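Student: Listed here are the chains, written in short residue letters.
Protein chains: 4
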Amino acid sequence: MSTIEKPEALSDYPVTFTMPIQWGDQDAFGHVNNIIHIRWFESARVLYLEDSGLRLMLTDSKTGPILASITCNYRRQLKYPDTVHIGARVSRIGRSSMTMDHAVYSQELDTIAADGSSIVVVFDYEQNRPVRVPDNIRSAIESLEGRTF
Amino acid sequence: MSTIEKPEALSDYPVTFTMPIQWGDQDAFGHVNNIIHIRWFESARVLYLEDSGLRLMLTDSKTGPILASITCNYRRQLKYPDTVHIGARVSRIGRSSMTMDHAVYSQELDTIAADGSSIVVVFDYEQNRPVRVPDNIRSAIESLEGRTF
Amino acid sequence: MSTIEKPEALSDYPVTFTMPIQWGDQDAFGHVNNIIHIRWFESARVLYLEDSGLRLMLTDSKTGPILASITCNYRRQLKYPDTVHIGARVSRIGRSSMTMDHAVYSQELDTIAADGSSIVVVFDYEQNRPVRVPDNIRSAIESLEGRTF
Amino acid sequence: MSTIEKPEALSDYPVTFTMPIQWGDQDAFGHVNNIIHIRWFESARVLYLEDSGLRLMLTDSKTGPILASITCNYRRQLKYPDTVHIGARVSRIGRSSMTMDHAVYSQELDTIAADGSSIVVVFDYEQNRPVRVPDNIRSAIESLEGRTF
Numbered sequence: 348m349s350t351i352e353k354p355e356a357l358s359d360y361p362v363t364f365t366m367p368i369q370w371g372d373q374d375a376f377g378h379v380n381n382i383i384h385i386r387w388f389e390s391a392r393v394l395y396l397e398d399s400g401l402r403l404m405l406t407d408s409k410t411g412p413i414l415a416s417i418t419c420n421y422r423r424q425l426k427y428p429d430t431v432h433i434g435a436r437v438s439r440i441g442r443s444s445m446t447m448d449h450a451v452y453s454q455e456l457d458t459i460a461a462d463g464s465s466i467v468v469v470f471d472y473e474q475n476r477p478v479r480v481p482d483n484i485r486s487a488i489e490s491l492e493g494r495t496f
Numbered sequence: 348m349s350t351i352e353k354p355e356a357l358s359d360y361p362v363t364f365t366m367p368i369q370w371g372d373q374d375a376f377g378h379v380n381n382i383i384h385i386r387w388f389e390s391a392r393v394l395y396l397e398d399s400g401l402r403l404m405l406t407d408s409k410t411g412p413i414l415a416s417i418t419c420n421y422r423r424q425l426k427y428p429d430t431v432h433i434g435a436r437v438s439r440i441g442r443s444s445m446t447m448d449h450a451v452y453s454q455e456l457d458t459i460a461a462d463g464s465s466i467v468v469v470f471d472y473e474q475n476r477p478v479r480v481p482d483n484i485r486s487a488i489e490s491l492e493g494r495t496f
Numbered sequence: 348m349s350t351i352e353k354p355e356a357l358s359d360y361p362v363t364f365t366m367p368i369q370w371g372d373q374d375a376f377g378h379v380n381n382i383i384h385i386r387w388f389e390s391a392r393v394l395y396l397e398d399s400g401l402r403l404m405l406t407d408s409k410t411g412p413i414l415a416s417i418t419c420n421y422r423r424q425l426k427y428p429d430t431v432h433i434g435a436r437v438s439r440i441g442r443s444s445m446t447m448d449h450a451v452y453s454q455e456l457d458t459i460a461a462d463g464s465s466i467v468v469v470f471d472y473e474q475n476r477p478v479r480v481p482d483n484i485r486s487a488i489e490s491l492e493g494r495t496f
Numbered sequence: 348m349s350t351i352e353k354p355e356a357l358s359d360y361p362v363t364f365t366m367p368i369q370w371g372d373q374d375a376f377g378h379v380n381n382i383i384h385i386r387w388f389e390s391a392r393v394l395y396l397e398d399s400g401l402r403l404m405l406t407d408s409k410t411g412p413i414l415a416s417i418t419c420n421y422r423r424q425l426k427y428p429d430t431v432h433i434g435a436r437v438s439r440i441g442r443s444s445m446t447m448d449h450a451v452y453s454q455e456l457d458t459i460a461a462d463g464s465s466i467v468v469v470f471d472y473e474q475n476r477p478v479r480v481p482d483n484i485r486s487a488i489e490s491l492e493g494r495t496f
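Protein chains in written order, with our numbering: chain A, 348 to 496; chain B, 348 to 496; chain C, 348 to 496; chain D, 348 to 496.
Bound conformation, chain A alone (with noise of 0.2 Å):
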C-alpha cells in the first residue's frame, strides 16, 4: 500500500483520517449506507479528541465530552471501491459545548461526498450538568486550528 496524501480538499482540517470502503458498508440500493458516515464522523471526533490532548484531560477529571447532536449532508453517492478521507475541525467554541465540523473526500470522485457537525458538550458527571469548556482545552484546540475563537 503507497503512502496517502491528505487531499487538498480537506486543508482546513487538522485532523484527518483515512478509510477503505468495505463491501459490506453497501445497503440494498448498492450504495454507502447513511449510518456509515456517521460512524466515520465518530471516528474523526475521537482522534481529533485525541490529538488536542482533549482525551487524555476529560480522563484525569470528572468531566467528559457528550454528544448532543449530529448533522450529515449527504452530497454525492459513495460506492465500494473506495478510499475516503474524514476530517474534522472545530468551528466554534462556546461557554460548554462546540461545534465540529466533518467532511468526507472521495478518491474515486476526487470531491467531498459528505458533511456534517457535531456539537460536543463538555459534561460534569458528578454535578450532572454542562460546565465551562476547561481554559486549558480551548487553548489545546486553539492551537491545533491555529486561531483563537
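Bear in mind the hints are in silico, worked out from the structure with no lab data behind them. Where hints are given, some of them may not hold.
[Said to hold, decoys possible] Just a few of them, taken from the derived set where beta-carbon distance is under 8 Å, the chain B residues facing chain C:
#, residue
1, 364
2, 369
3, 370
4, 371
5, 375
6, 378
7, 386
8, 389
9, 393
10, 440
[Claimed, not checked] Pairs of lysine-lysine, DSS-like flavour, derived with a Cα cap of 25 Å:
#, chain 1, residue 1, chain 2, residue 2
11, D, 409, C, 426
12, C, 353, C, 409
13, B, 426, B, 353
14, D, 353, A, 353
15, D, 409, A, 426
16, A, 409, A, 353
17, D, 426, D, 353
18, B, 426, A, 409
19, C, 353, B, 353
20, C, 426, B, 409
All values derive from a computational prediction rather than experimental measurement. All C-beta atoms, glycine included, are put in the ideal place defined by N, C-alpha and C.
Take the given structure of chain A and dock chains B, C and D to it, following the hints.
Tutor: For chains B, C and D alone, kept in the frame of chain A given last:
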C-alpha cells in the same frame, strides 16, 4: 410477548414501530451508540414510505427518494435492556423535497430519548435532477398526516 | 402489534427473543447481511446468560464469560420485511467451557433460516486463565434446559 | 500515513488488506465486538473474489458465490487504537464449494488475533442449485495460491 401500545408521546406520529435494544447496540461508554439512532430513523423513514404508498408509487416510475440530510439530537442516554418506539411524520412538503421528523421513545425512561429529522428529495434518476413532488404522493402524505401542506 | 407466539421450530430452545428485520440490515445483494445473524446470536447469548442467572453470578465474582468461537450456517436468504425469532440453548458443558446453540426462525419463510453455535469460556480475569464452570452455574443451566450434563 | 508492509504472519495468505480499528468497533466490554471480525472476513472474501478474477467471471454468467457458513475463533481481544491486516486464502476446492481461510493480524499485539473460515458455494440462480466450480475459476485460484487442488 405482550401487545405493545403506541406511547402517548408519539401520538403526533402517524407511523411508528417498536424495537428491542440489543446488547451489542452499546459502545465502549456502555450506552447505545449514536449510529444506532440513525439506523432506527432509516427504518421509520422506510416504513413511512411504505405506509403512505410512496414506495410503490416511486417504484413504478423513474423517480425515487434520496436522503439529502439527517439531523439527530441525543437527549437521553439509552442502555440495554430497553424497548424503543420510533415515530415518523412529515412536517413539510416543498417543491421537490420533504422534511420528515423522527422521535425515539424509551419505555424504560418513559420519555423521548432522541429526536431529529431527515430531508428527502424526490429525484429523477434518468434526468439526474430533483423533480416536483407528484400530486398523488402529496395527497397520500396529507391523508396520512390528516392535514394539508 | 399483535401477540407473538414462540414458533414450534424453536421448541427445543429455552431462551428466545423476537426481532423485526430492518431495511438497513440488507446489503448490496438485497439480502440480510451475514454479520446481522452474528449480532442476533450475541443478543440470544446475552439473554441466555441473564435468564439463567449467569450474568449476575458472574458479575459478582472475578470470573466472566468470554466468546471463544462462533459458527453460523446460512441456510436461507432473509429479506426485509420479516420478523425473526432467535433461540439459544446450551448443548454441552465442559470443564471450563460450554457450547451454546443458536437458531434463527423466519416468520415469512416459516422455517429455520440460519443456525450455529458459540463456544463460551468461563475466564478468571485476575489469574488470566480459564477456570472450572462453577457448580451453581452448571445447576442453573441444567434447570433451564430441564436435563443434566 | 506511512507505507504498510504485509506482516510475516500472513505470508501464506495471497490476498490481504489493512484496516484501522475504529473507536465505535468496540462494545460495552471495551473490546472490538465479535461482529466486526465477520465484516472483515467478508471484506477479505470479496477482495479475494476480485483478485482471482472470480467476481468478474461470475458476473458474466448466471452463477454466483453464496456464503454457506462461517466460523471465527477469537484468540485475542482487540482494542482501539490499532491497525489490523486481514488475510484470505483458499484451502480447499470441492465439486461445487470451496473453503476460504481468514486471519486477522493485530499490529499492536504483533500476532494473529482471530482466524476462521468461510464455505462458499457456486450457485446457479436460474436452476436454483449448486453447480460444479468452473475450470477457469479453479485455475484462477490455483494460480493465485501457487498450487493445485
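Student: Evaluate each hint against the coordinates.
Tutor: Each hint, compared with the structure:
no. : hint          : result
1   : 364           : 7 Å, holds
2   : 369           : 5 Å, holds
3   : 370           : 4 Å, holds
4   : 371           : 5 Å, holds
5   : 375           : 16 Å, violated
6   : 378           : 16 Å, violated
7   : 386           : 5 Å, holds
8   : 389           : 5 Å, holds
9   : 393           : 4 Å, holds
10  : 440           : 22 Å, violated
11  : 409/D x 426/C : 21 Å, holds
12  : 353/C x 409/C : 35 Å, violated
13  : 426/B x 353/B : 20 Å, holds
14  : 353/D x 353/A : 22 Å, holds
15  : 409/D x 426/A : 23 Å, holds
16  : 409/A x 353/A : 35 Å, violated
17  : 426/D x 353/D : 20 Å, holds
18  : 426/B x 409/A : 21 Å, holds
19  : 353/C x 353/B : 23 Å, holds
20  : 426/C x 409/B : 23 Å, holds
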